[in-house]
Each structure stands twice: as structure tokens, then as C-alpha cells.
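Undergrad: The sequence shown begins at 187 in the working numbering and counts up by one.
Where hints are given, some of them may not hold.
Within a straight-line C-alpha distance of at most 30 Å, the following computed DSSO-like cross-link-like pairs (lysine-lysine) qualify [to be verified]: (1) Lys370 <-> Lys261; (2) Lys370 <-> Lys301; (3) Lys358 <-> Lys335; (4) Lys240 <-> Lys301; (5) Lys370 <-> Lys289; (6) Lys261 <-> Lys210; (7) Lys271 <-> Lys289; (8) Lys312 <-> Lys358; (9) Lys391 <-> Lys309; (10) Lys370 <-> Lys310; (11) Lys310 <-> Lys373; (12) Lys310 <-> Lys358; (13) Lys309 <-> Lys217; (14) Lys247 <-> Lys289; (15) Lys240 <-> Lys261; (16) Lys247 <-> Lys335; (17) Lys358 <-> Lys271; (18) Lys335 <-> Lys299; (19) Lys271 <-> Lys285; (20) Lys289 <-> Lys358; (21) Lys289 <-> Lys299; (22) Lys358 <-> Lys209.
Note that these hints are calculated values from the structure, not bench results.
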Amino acid sequence: MFTEVRIKTEELDIFNRVDSILKKYTNLIAKKVGYPLDLTEFLTVDEILTFIEKNMLPSKKELIERSHGMAIFYKGDRFSLIFGKEYVQFQRILVDTDKTEFKGTVGYHGIAKGKARIVFDPKKIKEFNKGDILITGMTRPEFLPLMEKASAFVTDAGGMLSHAAIVARELKKPCVLATENATKIIKDGDEIEVDANMGIVRILKKN
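With the hints as extra help, turn the sequences into a complete structure.
TA: Below you can see the structure in the form of C-alpha cells.
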């Protein structure tokens with residue numbers, strides 16, 4: 187078990203280092219071309235390299251569309267992006283966004299009710315009040331201030347050794363992991379119930 191924890195910690199450390207390096211480049215690009223910082227974060231590594239070599243970038247309009255939702259398809263060492271109307275259609279096929287109840291893995295037991303707050307980047311969150319419920323893909327160390335305020339956590343991915351599960355056990359807060367699509371089914375501001383005794387998340391009132 188300790189070996190697994192060490193591997194998970196090392197993986198997270200590598201991810202954070204790579205993310206930090208990429209953000210330095212995307213910030214420099216944003217300043218140079220006058221794009222908002224949050225849009226250049228939707229550039230791929232190939233697009234960053236193309237800009238360095240040829241001074242070419244996707245249009246601002248395309249990056250705005252990506253910021254509303256995108257998917258990446260891999261085949262071998264090649265990949266393609268979908269966004270805009272194509273992404274909306276793809277999401278409807280894969281995710282039943284009309285669901286009002288779904289399941290995940292219990293990270294720590296308990297029941298909580300509150301307002302859902304969907305957070306992908308804790309540095310950009312505008313409003314998060316004590317008692318709100320944190321909904322995210324996976325948590326990282328920089329999520330800790332929000333996790334201390336939250337009454338419960340719900341994640342798309344992660345297992346019992348994930349950051350969210352470890353913090354939930356330390357703070358003794360209800361936590362449901364590996365729901366796969368919580369960030370797509372729940373909308374920011376929805377009133378929800380997290381039943382982490384049964385691993386169930388319910389939408390009580392849509393925003």
C-alpha cells in the first residue's frame with residue numbers, strides 16, 4: 187500500500203511540474219498576442235510549439251468555443267479535438283444530463299446537503315461559501331482551502347488513495363468519488379444531497 191501511495195504522490199508531483207511549465211508558456215503567449223490568460227490554457231502542446239516556431243495560433247473564437255467544452259480523441263500517437271456544436275452532440279450521446287441521481291465510490295461516509303460549486307481551477311473560483319459542495323474532476327493540494335469550506339466533495343475520478351479521499355478522511359467530510367460525470371450532470375448552483383453512506387448523489391433542485 188505504501189508503494190502505491192508513493193507512486194500516486196510521484197505521479198501528482200510530475201503532473202504539477204508539467205502543468206506549471208505549460209502555464210508559463212501559455213501566460214507568455216497570452217501577453218504577447220493579447221488573449222485572455224484563461225483562453226491560452228486551452229492550447230495543445232503542439233500549438234504552443236507551432237507558435238514558438240511559426241508565430242501561429244488558433245483564433246480567439248475557437249479558443250472560446252473550447253473553453254465551453256471540448257474532448258480529445260487519441261489513436262496511437264495522433265489525436266483530434268472536438269468542440270462547439272460537435273462537442274455538445276457528443277456529450278448528449280455519452281452522458282445522460284437529465285439524470286437527477288447517480289452513484290460513485292464512497293471516499294468517506296456521511297450525508298450533506300448544499301449548493302453545488304463546480305471548480306476546475308481553484309484560483310479562478312469567484313464564489314465559494316462555507317457549506318457549499320465541491321464538484322470537480324479530481325482535487326489537488328491547491329484545492330485544500332475550498333475543501334476546508336466545503337460540506338462535502340464529489341469527483342469524476344479517483345480512488346481511495348486519491349487526494350480527495352485522503353483529505354475527506356482527515357477532515358471527516360462526506361465524499362463520493364469516481365462518479366465519471368458529476369461535473370457534466372450537475373450544474374453550478376444546483377441544490378444537491380451527497381449521501382456518502384450509500385455512494386449516491388442526488389440533485390434536489392436545479393439552478
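Undergrad: Would you mind marking each hint as holding or not holding in the structure?
TA: Tested hints:
1. Lys370 <-> Lys261: Holds: Lys370 and Lys261 sit about 24 Å apart, inside 30 Å.
2. Lys370 <-> Lys301: holds (16 Å)
3. Lys358 <-> Lys335: holds (13 Å)
4. Lys240 <-> Lys301: violated (46 Å)
5. Lys370 <-> Lys289: holds (14 Å)
6. Lys261 <-> Lys210: Holds, because 28 Å separates the two Cα atoms, which is no more than 30 Å.
7. Lys271 <-> Lys289: holds (28 Å)
8. Lys312 <-> Lys358: With Cα atoms ~26 Å apart, Lys312 and Lys358 stay inside 30 Å; holds.
9. Lys391 <-> Lys309: Given that 30 Å is the threshold and the Cα spacing comes to 27 Å, the pair holds.
10. Lys370 <-> Lys310: With a Cα-Cα distance of about 19 Å, the restraint between Lys370 and Lys310 holds, given a limit of 30 Å.
11. Lys310 <-> Lys373: holds (17 Å)
12. Lys310 <-> Lys358: holds (26 Å)
13. Lys309 <-> Lys217: holds (19 Å)
14. Lys247 <-> Lys289: violated (36 Å)
15. Lys240 <-> Lys261: holds (26 Å)
16. Lys247 <-> Lys335: violated (36 Å)
17. Lys358 <-> Lys271: This hinted pair is violated, its Cα atoms lying about 41 Å apart.
18. Lys335 <-> Lys299: holds (14 Å)
19. Lys271 <-> Lys285: holds (21 Å)
20. Lys289 <-> Lys358: holds (20 Å)
21. Lys289 <-> Lys299: OK: Lys289 and Lys299 at ~16 Å, within 30 Å.
22. Lys358 <-> Lys209: Given pair Lys358, Lys209 is violated - Cα atoms ~33 Å apart, limit 30 Å.
Of the numbered hints given earlier, the model fails hints 4, 14, 16, 17 and 22; all others are met.
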